[in-house]
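Top line first, the protein sequences correspond to chains A and B.
Residue numbering for the first sequence is 821 to 1574, as defined by the working numbering.
Residue numbering for the second sequence is 229 to 395, as defined by the working numbering.
Incorrect hints may appear among the rest.
Stated by the list, open to error - Using 27 Å as the maximum straight-line C-alpha spacing, the simulated DSS-like pairs for lysine-lysine come out as follows:
1) Lys1453(A) to Lys385(B)
2) Lys1134(A) to Lys238(B)
3) Lys238(B) to Lys1096(A)
4) Lys239(B) to Lys1096(A)
5) Lys1043(A) to Lys385(B)
6) Lys1043(A) to Lys313(B)
7) Lys987(A) to Lys965(A)
8) Lys238(B) to Lys1043(A)
9) Lys987(A) to Lys1043(A)
10) Lys311(B) to Lys1043(A)
11) Lys1096(A) to Lys289(B)
12) Lys1406(A) to Lys385(B)
13) Lys997(A) to Lys977(A)
14) Lys289(B) to Lys1406(A)
Unchecked claim - Computed beta-carbon distance windows for the label pairs:
15) Thr363(B) to Thr883(A): 51 to 57 Å
16) Gly1304(A) to Asn281(B): 36 to 42 Å
17) Pro868(A) to Asn355(B): 41 to 47 Å
18) Val288(B) to Gly1244(A): 30 to 36 Å
19) Ala1531(A) to Leu320(B): 47 to 53 Å
20) Gln392(B) to Ser1508(A): 38 to 44 Å
21) Thr363(B) to Gln1387(A): 42 to 48 Å
Said to hold, decoys possible - Derived coverage of chain A by chain B (criterion: at least 3 residues anywhere in the stretch with Cβ under 8 Å from a Cβ of chain B; other residues may be distant):
22) 998-1007
23) 1097-1104
No lab work stands behind these hints, which were simulated from the structure alone.
All residues carry an ideal CB built from backbone N, CA and C; glycine is no exception.
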Amino acid sequence: MTIQEEAGTISRRGLLRAGGALVVMSAAVPVALRTSVAEAAATGMPFPTPVLTDLSTWLTVHTSGNVTWRTGHVELGQGNRTALAQMVAEELDVAFEKVTLVMGNTNVTPDQGVTAASSTIARAGVQARLIAAEARATLLSMASKRLRAPVTELSVKNGVVHHGRRKVSYGQLVHGKALTAVTPIVINGQGTTVGATPKPFSEYTLVGRSIPRVDVVDKVSQKAAFVHDITVPHMLHARVIHPRGIGSTVVSVGQLPAGSNAQVVQLGNLVAVVAKQEWDAVKAAANLPVTWSDWNGLPSTEDWPAAMRATPAKVVTHASQGDFDSAFASAASTLTATYQTPFENHGMIGPSCAVADVRPDGSVTVWSATQYPQGLRNGIAQMLNVSTEQVEVLWVDGAGSYGRLCSNYDDAASEAVFLSRELGKPVRVQWSRADEHIWEPHGPGTLHDMAAGFDESGNVTAWKHDAFMAPNNDSTMLGPILVGVQGSSTRTPVGSWTGPDLYQFPNLLELAHQMPEFGAATSPYPFGLRTTFLRSPGQHQITFAQEAFADEIAAATGQDPLQFRLQHLTDARAIAVLTAAAQAGKWEARPSPKRDASTSNGTVTGQGISFVLRDGTYAAAVVKLEVTPATGKVLLTEVTVAQDQGQIINPRAIEHQISSCVLQTASRVLHEEVKFDTANVTTVDWVSYPLLRMDETPTINTILVPNPQIAPSGVGEPAVNVMPSAISSAIFDATGVRLRTMPFTQEVVKAAMG
Amino acid sequence: MAIELFVNGKKEEITSSPDTPLIYVLRGELGLRGPKFGCGLEQCGSCSVLANNSARRSCVKPVSDFEGQDITTVEGLPALWAKAKKVRHVDLHPIQQAWIEEQVPQCGYCQNGMMITAANLLASNPNPSVSEIMTAFSTSGPSPHLCRCGTYDAIIKAVQRAAQLMA
Ligand code: FES
Ligand code: FES
């Protein structure tokens, strides 16, 4: 399979402009869309919405036997494009190479929700599987008529239907025409229902194989276009000068130095410079004097935990069983601890970028790396006050965004549309590195008060986890807010608890204080320090506190951390991943800390273990590391992750996802913290906000626990959750010092070692 | 006077103003996609190119600093290999081949710079150890090469594989 553009993926307006009247669309475009652009524009609907229950929305079978499959989900660098094509080819019984995916083009792809929370395979993929099964049933019913044979006597191989020696190919049956499902597709609150039954897993030949990723060749040879590479005729380059403080508004905008080739645009508090040459815009942004109002509504980095505790919040009971209070009051002994996680960056290596073309007739084309093209389309229609049928969003590859472009659908796009409307030309907005570090909606800071009570023999009789969580679902886009067309927000983002509890404690209480955003109350804008989904949102922080505290209990009661977990778990899949990780990671069964942790080279070594159930996927990790007490440096030496994600679609892609989770989270745990003063974020680049370096890469072992009879669940996030506590516990094992506040930087570790 | 560069083997007369950082010339004026803008501060490595055969960041230094130099972007790596092997054409440099075989890219944004630094390393050290690879990507340049997607371990394997392919 190659990534080709089908006719329908090119902007139809673009085609119209390029080639005059474009009367009939290619057969690759669903029937509903096969109208002339001129005709569609005349009805005020240049960009109709694909209908989900129409089989021809999902796929086109070409005369050649090639299949175009359309999905509303997008490739975020995790191999979705390949895994989805595998699932579809499998169900249709065609060769993998025959399937080409069109992703995230609002003109032709169905709205399958946002690409986030490891949901592509578990939700969009399973939906695609059902619809592909229905497509196969439809093709078989056509073949049955053609071959005059009952469906039950037909077999399919590589897209050719056989009946005895007679055969007909899918391509011959359909030759590019629209398919109508034999049984109508039903999509409602219960999910997707089709007449056909998907294949049993025992018959899979493509699913479960490590098919190489189809996007990798193009990315390596630089044929793949990232959103940063998109250029359109007459396009202007823009740089936005963002407010100085989070709640600052424009006092005055000065003039560009004489000789500048850029132009200043001011729309309310959206201040930008635009130029034909990108460098002219960059220089102008640095040279334009803008005075902003003073705003100092944030607590500083040092003060935020106290400020968070002092802020009134809604308290939600996540789980409650037995009577924690009385069990804790009557416990023979108790243990309490507070954990803290910092505000973090998504840290896209390429900063936000988008191109928008708002035309005089009000129709809009946006090129974006958004994680939710349909959501962005609706958002843009709203902010420009046009109908959704006036807007097309064309998704393009971007830098790994990890939630940054998820509920926050794309700030740069929201700024570009206003600038393009104002200037009457296509506008490309690219943020500076400082803009991205300061203005991205960050991962939320959290606090966790933990308490446990024990009986005389050290059994846990009471467990409490009281979490204070900054929001993890801000969905504001800066453009309309700065311009002033969107005032107060209709919804207040909150921090939510994510994740089930598998440990069995007789009396348990789990509370979430859903905090508002810092500064939101005093800002003229409907946001404060924006925080949103960051890879495994909520659960990353919850699991850190939960799992590290489990280790504290094991240490306080002299138990082996693995045994302690196994004793309190009943779920067989949980036990299986923990056991597999312990075995492969050569877990030493003993209580922590280690008696003699020192080595001959002046370091101390330790081990840590952790477990999570994230969205149906079970993961366990064993971390081995060394600490240099003299410098405080922590170096991971070996990380072993065992994971059970049900059915395995593409083993190698899953292993790469696990490595990705391990390394990205090691970076978060050891190095990353967004700092701020009372006005705004002060970590503005990769020096003030460093990432893990290659010379900190551990050996990574991955074990995929097979469970083919269970539907596939997500693999992009689970292993994120097991890293923080495993690292914290391994440092404790090595040094006897328990670190409860992330990140565990060299300075922090050195100070803690005294 | 126009600044002259040799980009991927071709002579180019540059019309951008001389203070323009090289990356904007390569991307904006010459339409190349390989060098990626990551920070504009020489802090991430994604804009790396080979200039007279050594890895350089292209995001800060003006094009005038590169006057007369041979610039190679990832797009030019295959031709560089073809020249070294004295063949007319190859589709991919062995480094790119190794990157595909090891399935290195996740989002892929940083990988241009990674492959350029691999080329730089393998030119002077055809058989680097793991720790030499780590040093090359972590401490030898103006900054470490950063990847957000967690591909460091795959890059280490791919550099070793490329070394074998080039031997
Ligand atoms: S873009 Fe040049 S080093 Fe980051
Ligand atoms: S592969 Fe995404 S930043 Fe490196």
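Run the structure past the numbered hints and jot down the numbers of the failing ones, going up.
Numbers 2, 9, 14, 16, 17, 19 and 22, in rising order.
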